[in-house]
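2 protein chains.
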Amino acid sequence: MSGNRFFIAPDVFANTEIIFPREISRQIHSVLRLKAGDLVTVLDNEGHCRQVEIREVDARQVIGSAGEIFPAPGEPGVELTLCPALTQREKFEWILQKGTELGVRHFVPIITGRSLIQETGGWNEKIIRWQKIVREAAEQCGRGLVPEISTPLKLADYLNRDERPRGYILHEREQHAGLADSVMRHLSTGNRQIALLVGPEGGFTEDEAGQANSAGLVSVSLGARILRMETAAMAACVICMVVAGELGSFSVAVRS
Amino acid sequence: MSGNRFFIAPDVFANTEIIFPREISRQIHSVLRLKAGDLVTVLDNEGHCRQVEIREVDARQVIGSAGEIFPAPGEPGVELTLCPALTQREKFEWILQKGTELGVRHFVPIITGRSLIQETGGWNEKIIRWQKIVREAAEQCGRGLVPEISTPLKLADYLNRDERPRGYILHEREQHAGLADSVMRHLSTGNRQIALLVGPEGGFTEDEAGQANSAGLVSVSLGARILRMETAAMAACVICMVVAGELGSFSVAVRS
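Respectively, the protein sequence lines represent chains S and V. The first sequence maps to residues 127 to 382 in the working numbering. The second sequence maps to residues 127 to 382 in the working numbering.
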């Protein structure tokens with residue numbers, strides 16, 4: 127499949143003649159400078175992909191002919207929910223971009239006692255911006271689905287959710303349990319859903335860690351050095367994915 | 127030991143009365159706003175640390191009394207050399223910062239056919255800037271040593287070096303060998319030195335990968351998704367460190 131990938135709405139995807147929406151048309155014409163005859167891949171964000179041969183290129187509208195429908199590749203076999211504390215814009219957007227590349231399926235921004243951002247409303251505009259970041263990252267790295275982003279939640283509200291995957295809270299006071307070992311045991315039970323809670327700069331308070339533990343989240347350590355929040359979030363995602371065999375083969379990876 | 131750590135020159139470190147250099151004095155006075163009686167940790171970048179009680183604080187000169195000399199904690203048991211292709215400034219500096227947190231011991235910037243930066247001279251000013259970045263990251267995360275940064279080298283010159291650790295080249299064409307498995311075998315031989323070569327956006331050319339393989343570097347994959355250069359560099363560091371048991375306990379970690 128071609129390296130240029132675009133997520134488009136399922137109704138557009140369903141036609142043999144694909145009329146690309148304006149934003150993607152502009153990108154194909156002005157940024158990528160593709161020509162008639164070039165191939166791109168379209169995905170419907172419901173798990174399917176098709177190769178499209180471009181027929182007409184215009185800054186406002188690109189038209190192409192789509193081939194057969196295939197299952198979209200690129201989704202990890204692990205459903206990872208990353209819950210990072212809200213922090214300054216660049217750092218947070220960077221976590222969204224890197225997390226998407228590393229295979230995160232759901233992002234749940236959380237508001238904790240020490241989170242740099244404490245607002246509890248007015249998220250619509252931010253979420254639209256965040257969605258654009260994860261869509262572009264998903265297109266670039268070859269994901270089959272665009273990760274979902276929840277409205278930011280207070281930690282207590284996240285913990286009170288009826289449906290949430292079993293998971294781990296990165297806590298510097300934890301001295302023993304390592305994330306890799308815990309994830310290995312987790313996956314060996316056949317459970318493919320994992321949640322990871324990553325605190326803000328300054329970490330979770332003891333009280334917050336206690337609440338999370340009471341709600342079933344296991345405290346884990348990332349070792350002796352003090353990682354910045356974004357480094358810790360990414361390292362935790364890498365650890366989950368490598369243990370699951372999703373970042374190159376891993377002989378002790380547990381397959382369900 | 128106190129959370130505020132500073133690397134100072136060994137000759138200053140050797141005295142019981144520590145007269146902090148100007149830049150650190152300014153930081154203690156104006157940024158951290160520490161007072162007489164507060165404790166900081168000093169390191170000599172030769173593997174030792176001491177706790178220092180601040181006696182006099184001035185923007186130009188801070189004076190403190192140092193206690194006993196201890197071995198500095200915080201250095202991983204693996205000596206990781208990260209060789210990232212030169213790329214745009216922010217991305218490269220980010221790799222230096224995160225690599226330091228994750229435990230990289232030596233950075234060797236390399237110039238490859240597709241590197242965004244191709245200059246081969248005038249590095250002095252850049253290296254001074256880079257050294258400041260890794261020193262601050264090492265202070266913040268609790269390393270015992272400041273990572274070393276080599277002058278940038280052409281890939282061929284790196285491969286021709288007499289002394290270089292056994293290592294791995296991240297290559298997208300590699301389909302089978304995973305980095306984690308390879309590092310596990312590597313460490314099981316008792317060899318604690320590892321080099322990681324990370325190509326620029328666009329990757330290594332086939333020719334470059336071939337040269338690296340001929341020079342004994344093993345091609346490894348980071349899985350099915352296409353990671354940006356900086357994501358791949360960090361994921362590779364995380365994988366080496368978690369396998370070595372340096373990012374939280376890891377039950378299959380190989381200890382020499």
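FYI, nobody ran anything at the bench for these hints, they're computed from the structure. Possibly wrong hints are sitting among the right ones.
Identical copies carry no separate label here, and so any pair may be met within one copy or between two of them.
To be verified - Once the Cα atoms are required to be at most 30 angstroms apart in a straight line, the calculated DSSO-like pairs of lysine-lysine come out as: (1) Lys252 with Lys161; (2) Lys280 with Lys161; (3) Lys217 with Lys258; (4) Lys280 with Lys258; (5) Lys252 with Lys280; (6) Lys161 with Lys258.
Source: prediction; values computed, not measured.
### Message
Of all the hints numbered above, which does this structure not satisfy? Sort the numbers upward.
### Response
1, 2
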